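> Residues per chain, in single letters:
There are 2 protein chains.
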Amino acid sequence: MSVSTDGHTVKRYDQQLGDLRSLVLEMGGLVEDQIQRAVQALQDEDLGTAREVIARDHVVNGFDVRADEEVVNLLALRQPVGSDLRLILSMAKTVTDLERIGDEAQKIARMVTHIFDGSSAPNQKLLRDVAGMAKLAANMLHGALDALARMDVDRAIEIACGDEELDTEFQSALRRLVTFMMEDPRTIGHAIDVLFMIKALERIGDHAKNIAEYVVYLVKGKDVRHVSIESLSAAGKG
Amino acid sequence: MSVSTDGHTVKRYDQQLGDLRSLVLEMGGLVEDQIQRAVQALQDEDLGTAREVIARDHVVNGFDVRADEEVVNLLALRQPVGSDLRLILSMAKTVTDLERIGDEAQKIARMVTHIFDGSSAPNQKLLRDVAGMAKLAANMLHGALDALARMDVDRAIEIACGDEELDTEFQSALRRLVTFMMEDPRTIGHAIDVLFMIKALERIGDHAKNIAEYVVYLVKGKDVRHVSIESLSAAGKG
Chain Y
969 MSVSTDGHTV KRYDQQLGDL RSLVLEMGGL VEDQIQRAVQ ALQDEDLGTA REVIARDHVV
1029 NGFDVRADEE VVNLLALRQP VGSDLRLILS MAKTVTDLER IGDEAQKIAR MVTHIFDGSS
1089 APNQKLLRDV AGMAKLAANM LHGALDALAR MDVDRAIEIA CGDEELDTEF QSALRRLVTF
1149 MMEDPRTIGH AIDVLFMIKA LERIGDHAKN IAEYVVYLVK GKDVRHVSIE SLSAAGKG
Chain W
969 MSVSTDGHTV KRYDQQLGDL RSLVLEMGGL VEDQIQRAVQ ALQDEDLGTA REVIARDHVV
1029 NGFDVRADEE VVNLLALRQP VGSDLRLILS MAKTVTDLER IGDEAQKIAR MVTHIFDGSS
1089 APNQKLLRDV AGMAKLAANM LHGALDALAR MDVDRAIEIA CGDEELDTEF QSALRRLVTF
1149 MMEDPRTIGH AIDVLFMIKA LERIGDHAKN IAEYVVYLVK GKDVRHVSIE SLSAAGKG
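Just so you know, the sequences run in chain order Y and W. Residue numbering for the first sequence follows my numbering, starting at 969 and increasing by one per position. Residue numbering for the second sequence follows my numbering, starting at 969 and increasing by one per position.
None of these hints come from the bench; they were simulated from the model. Check each hint, because a few of them may be wrong.
Because identical chains share one entry, a pair is satisfied inside a single copy or across any pair of copies.
Unchecked claim - Straight line, CA to CA, 30 Å or less: simulated BS3-like cross-link-like pairs of lysine-lysine: (1) 1075 x 1103; (2) 1188 x 1093; (3) 1093 x 1167.
Please read all numbers here as calculations on a predicted model, not as lab measurements.
Taking the hints into account, I'd like the entire structure generated from these sequences.
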């Protein structure tokens, strides 16, 4: 709550906090859509959609700048302490991660334009892991945003722990790509494009994990960013 | 300056601000050292140093947590406005980027242990671009930290604009790696390790650029994160 005891001020402050939260969640929705479209563009060999995703990154960046301004305004005008201060700082960090997720979605879209722009279409075998990893990464982001919207620390911990599954998938997909390249060196060019796509998806998982960790910090007041999964699970029970 | 007019409070506040700055710059020095050692370990085929870099990432993470606590304390206790608020928020963002640069240095060290752990040493040709890119990335980070220490906006703009050179180097190095892989598919495994190293160096450049942009924001009050290089150069003159 605001330190002010003036009812009117408190109400406006709560509204401003709510507006910031809405802005962050709206940005999250946009970024989710960017990932989904970039991966759909790959599946449909749809260069038009891929170019739209690339062009729309500036809208994501616009949210970033607006949210940052809101954060500065709230801190300067309302001078929050305690849990409100933590909430605002967590929102600021979430925005940074969402902006970087937007960059990764844009990279995937760029790889789509690259992979279908050449003379030959890529071997479908190369693409087989992308959809599965994209689903895992998108689910992580959706879950992290859901945990943020509901301040649900158990869900947040579940999401943060889920990052290991995505990392394992990434390592398996990478091994398969290397095998394809060795078996048929003509696939190397396309395989490198796919490698950058799955790397982008793995990073989206890292950012979703960050967002989930901010939720734990918010609710528990514990900074769990650099602790092991075991300690993280323990934090949920603490 | 603090909003307080009490001389003693102002002095302690300035000291706390100075302490935060020192902490951030010390963390920057540590991270610079991590990059330098990781790349040295590659050149010297020195697995021991690589493992030290990996182990020392927890020290970088410790700085991250401490700096974040300092930021929360300063905001809660001192309730800064205007340029002081911007300074503190820029320091918080810088810390996030430094922590991620630390992660990238750790990744390079992991690749060093991976590339020299197999039965055969990598072809030296594969490594030829790493040292040059590492120098560019390290120079960018050093320049960004220097610009931050001196609040030198011209230097910061120079650094931010320098990221294009690193990106171009990355693209050239990537093309050469693909060529090597195609000419000699036995090099694919090692080439992928090198690919992840140069990708990490390219990302270090991105983070250094971010830090340089916070300096511009701090001094000019302009958010230049999502503007073109032309506008960025114009901001320096503005």
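> Determine for every hint whether it applies to the structure shown.
Against the structure, the hints:
no.: 1; hint: 1075 x 1103; result: both (17 Å within a copy, 25 Å between copies)
no.: 2; hint: 1188 x 1093; result: neither (45 Å within a copy, 51 Å between copies)
no.: 3; hint: 1093 x 1167; result: both (17 Å within a copy, 25 Å between copies)
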